[in-house]
Amino acid sequence: MTRYVLDRLLSIALVLVLVSLIVFFAIHVLPGSAATLILGEYATPEALRTLEREMGLDRPLAAQYLEWMGAVVSGRWGDSLAMKQPVTAIVALRLLNSAYLAGLALAAVVLVAVPLGTLAALRQRSRLDLAILTASYVGISVPEFVTGMVLILVLAGPRLMLFPTGGYADPGAGLGAWLRHLALPAATLTLVLLAHVVRQTRSGLVDVLRTPYVRAARLKGASEARVILRHALRNGLLPAITVLALDLGYLMGGIVIVEEVFAYPGMGRLIIYAIQNRDVPLLQISILIVAAVYALANFAADLLYAWLNPRIRYA
Amino acid sequence: MRSPALAIGTWVLGLVLGLSLLAPLLAPYAATEQHIVQRLQGPSPTYPLGTDQYGRDLLSRTLLGGRTALLLGVGAVALGLGLGVPLGLASAYVGGRTDEAVMRVMDALLSFPSLLMALLIVTALGASLTHALLAIGIANAPGIARIVRSATLGVRHEEFVLAAHARGESPLYVMFGEIFPNVLPPIVIEATIRTGFAILTGASLSFLGLGVQPPTADWGLMIREARQYVFLSAWPLLVPGVALAVTIVGFNLFGDGLRDRLGRVG
Numbered sequence: 001m002t003r004y005v006l007d008r009l010l011s012i013a014l015v016l017v018l019v020s021l022i023v024f025f026a027i028h029v030l031p032g033s034a035a036t037l038i039l040g041e042y043a044t045p046e047a048l049r050t051l052e053r054e055m056g057l058d059r060p061l062a063a064q065y066l067e068w069m070g071a072v073v074s075g076r077w078g079d080s081l082a083m084k085q086p087v088t089a090i091v092a093l094r095l096l097n098s099a100y101l102a103g104l105a106l107a108a109v110v111l112v113a114v115p116l117g118t119l120a121a122l123r124q125r126s127r128l129d130l131a132i133l134t135a136s137y138v139g140i141s142v143p144e145f146v147t148g149m150v151l152i153l154v155l156a157g158p159r160l161m162l163f164p165t166g167g168y169a170d171p172g173a174g175l176g177a178w179l180r181h182l183a184l185p186a187a188t189l190t191l192v193l194l195a196h197v198v199r200q201t202r203s204g205l206v207d208v209l210r211t212p213y214v215r216a217a218r219l220k221g222a223s224e225a226r227v228i229l230r231h232a233l234r235n236g237l238l239p240a241i242t243v244l245a246l247d248l249g250y251l252m253g254g255i256v257i258v259e260e261v262f263a264y265p266g267m268g269r270l271i272i273y274a275i276q277n278r279d280v281p282l283l284q285i286s287i288l289i290v291a292a293v294y295a296l297a298n299f300a301a302d303l304l305y306a307w308l309n310p311r312i313r314y315a
Numbered sequence: 316m317r318s319p320a321l322a323i324g325t326w327v328l329g330l331v332l333g334l335s336l337l338a339p340l341l342a343p344y345a346a347t348e349q350h351i352v353q354r355l356q357g358p359s360p361t362y363p364l365g366t367d368q369y370g371r372d373l374l375s376r377t378l379l380g381g382r383t384a385l386l387l388g389v390g391a392v393a394l395g396l397g398l399g400v401p402l403g404l405a406s407a408y409v410g411g412r413t414d415e416a417v418m419r420v421m422d423a424l425l426s427f428p429s430l431l432m433a434l435l436i437v438t439a440l441g442a443s444l445t446h447a448l449l450a451i452g453i454a455n456a457p458g459i460a461r462i463v464r465s466a467t468l469g470v471r472h473e474e475f476v477l478a479a480h481a482r483g484e485s486p487l488y489v490m491f492g493e494i495f496p497n498v499l500p501p502i503v504i505e506a507t508i509r510t511g512f513a514i515l516t517g518a519s520l521s522f523l524g525l526g527v528q529p530p531t532a533d534w535g536l537m538i539r540e541a542r543q544y545v546f547l548s549a550w551p552l553l554v555p556g557v558a559l560a561v562t563i564v565g566f567n568l569f570g571d572g573l574r575d576r577l578g579r580v581g
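Those protein sequence lines, which keep their order, are chains A and B.
Going by this note's numbering, the first residue of the first sequence is number 1, and it counts up by one from there.
Going by this note's numbering, the first residue of the second sequence is number 316, and it counts up by one from there.
FYI, nobody ran anything at the bench for these hints, they're computed from the structure.
Some hints here could point you the wrong way.
Said to hold, decoys possible - Partner residues aside, some chain A positions facing chain B, computed with beta carbon under 7 Å:
no.	residue
1	VAL15
2	PHE145
3	VAL146
Stated by the list, open to error - Only part of the chain B face toward chain A is listed, based on derived beta-carbon distances under 7 Å:
no.	residue
4	PHE427
5	PRO428
6	LEU435
7	THR438
8	LEU515
9	ALA518
10	SER519
11	PHE522
12	VAL545
13	PHE546
14	LEU559
15	ALA560
16	ILE563
17	VAL564
All values reported here derive from a predicted model rather than from experimental measurement.
Idealized CB from N, CA, C, for every residue including glycine.
Sequences are here, hints too, so could you generate the full structure?
Right, here's the structure in full:
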């Protein structure tokens with residue numbers, strides 16, 4: 001187990017080095033250097049050269065990369081070009097906001113998807129099963145910006161006005177207002193993720209319900225609730241956990257869209273802001289952070305999987 | 316057809332393809348024709364699905380937008396296949412340390428959310444349809460390489476491969492002439508499902524203002540523009556939104572149906 005953890009940590013480090021290379025070289029090597037990004041497409045060649053010299057962009061790329069990495073690792077993240085504030089302060093707040101959103105969506109997914117998937121598996125081929133499966137298919141296929149805007153249209157419209165159309169309230173200002181701002185963006189993410197997890201819970205449980213050990217538990221005289229909760233679900237949920245881990249990658253992308261739709265100040269909207277304002281230092285750090293969070297979250301999901309599945313734990 | 320998914324998927328995709336190909340004939344108006352007095356209207360005999368904020372006909376724009384979506388989806392996946400298939404084939408064929416190194420890099424690229432990868436590439440290149448296509452194509456390549464590699468590993472030691480070696484065929488011929496046709500089914504399934512997601516990613520980029528640029532008819536862009544006016548008229552949001560969802564459902568059903576039919580090979 002220790003070896004496995006060390007091996008995984010090593011490959012996370014490799015991933016992050018690779019991502020840092022991509023982030024750095026995508027902006028420096030491809031047509032449109034960092035100076036072009038900052039000054040815009042129509043800058044004069046002289047202005048570009050002056051800025052490049054000021055930023056040290058005329059030095060060898062490898063030296064620039066190493067210097068940048070050194071600064072990133074030691075926490076000297078510099079100032080955002082567009083916001084004129086330290087990147088660290090901006091990022092810390094946005095990361096927390098995104099964590100609230102993602103956390104709420106994931107919790108809702110688990111609380112809703114597992115019971116729905118279980119229900120569908122127990123009533124296989126019934127109308128309920130068909131309805132749940134069809135709804136989950138549609139859920140995967142409707143883009144989150146459409147789902148989000150339909151939710152705004154129906155629930156935040158001038159008629160109902162149950163929720164704000166977007167924005168953010170500080171949790172210190174009152175839990176109610178904070179939750180009301182979080183509700184629709186979290187619901188949008190939940191609806192898309194729900195589909196994946198419901199389908200996996202259902203198919204995982206369908207497979208497990210056919211196994212001899214579940215039959216044995218039934219023959220032993222265990223109550224149906226005990227058979228499902230104690231015996232079947234424990235194994236049946238494993239594929240759902242794998243999918244949930246894969247969905248974390250989706251969540252990182254989905255959060256960009258959803259935060260943009262609801263004008264929610266998290267990491268996703270920060271990335272779009274950095275792109276639109278040609279804020280290179282902010283963009284590089286933000287993408288690196290999202291990649292790091294994703295790698296670590298995946299690692300956590302793998303550990304959870306191993307903990308639930310002894311066959312892997314002792315392998 | 317045993318699988319209802321394949322049957323429904325075929326019909327839906329056929330409908331989407333047909334409507335998109337015939338769009339210039341079917342669309343009652345040009346994509347950019349403005350009727351500013353009749354802006355943000357609901358369906359009427361003149362405008363069957365209503366109009367947008369410039370009074371452009373939503374039916375025409377949605378039909379023509381299908382061409383943009385399909386061009387982007389199919390183009391991006393073709394690019395992804397062009398990069399990923401040779402890489403996956405070669406990696407599995409050569410094997411050993413090279414294979415391990417290539418796959419480590421692919422895994423690292425895969426562990427980077429693909430929308431973010433596409434965003435990064437579009438940022439570096441600038442926002443346009445072509446760049447969105449390039450970005451999504453490149454972002455798809457590692458996943459395709461992985462699938463192709465694992466399918467290739469499954470047939471690499473089959474007798475027909477050994478026989479080709481014994482005949483003294485070149486490695487290139489063995490890879491593309493012998494192995495490739497045998498790993499085609501999983502590649503086709505993968506490509507179908509990826510096309511749906513490529514269309515979705517393309518629409519997302521356009522929605523963020525980083526893909527297709529106005530005044531081109533594109534579903535993601537139409538939805539972006541509908542945002543401001545959504546409480547005045549829901550049609551500019553709903554019409555392209557439904558078109559997008561139906562198209563992606565079609566690709567998913569067709570891909571899942573194919574998977575059931577052809578089985579998981581490799």
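Problem - Hints that the structure is at odds with (numbers, increasing) - result: none
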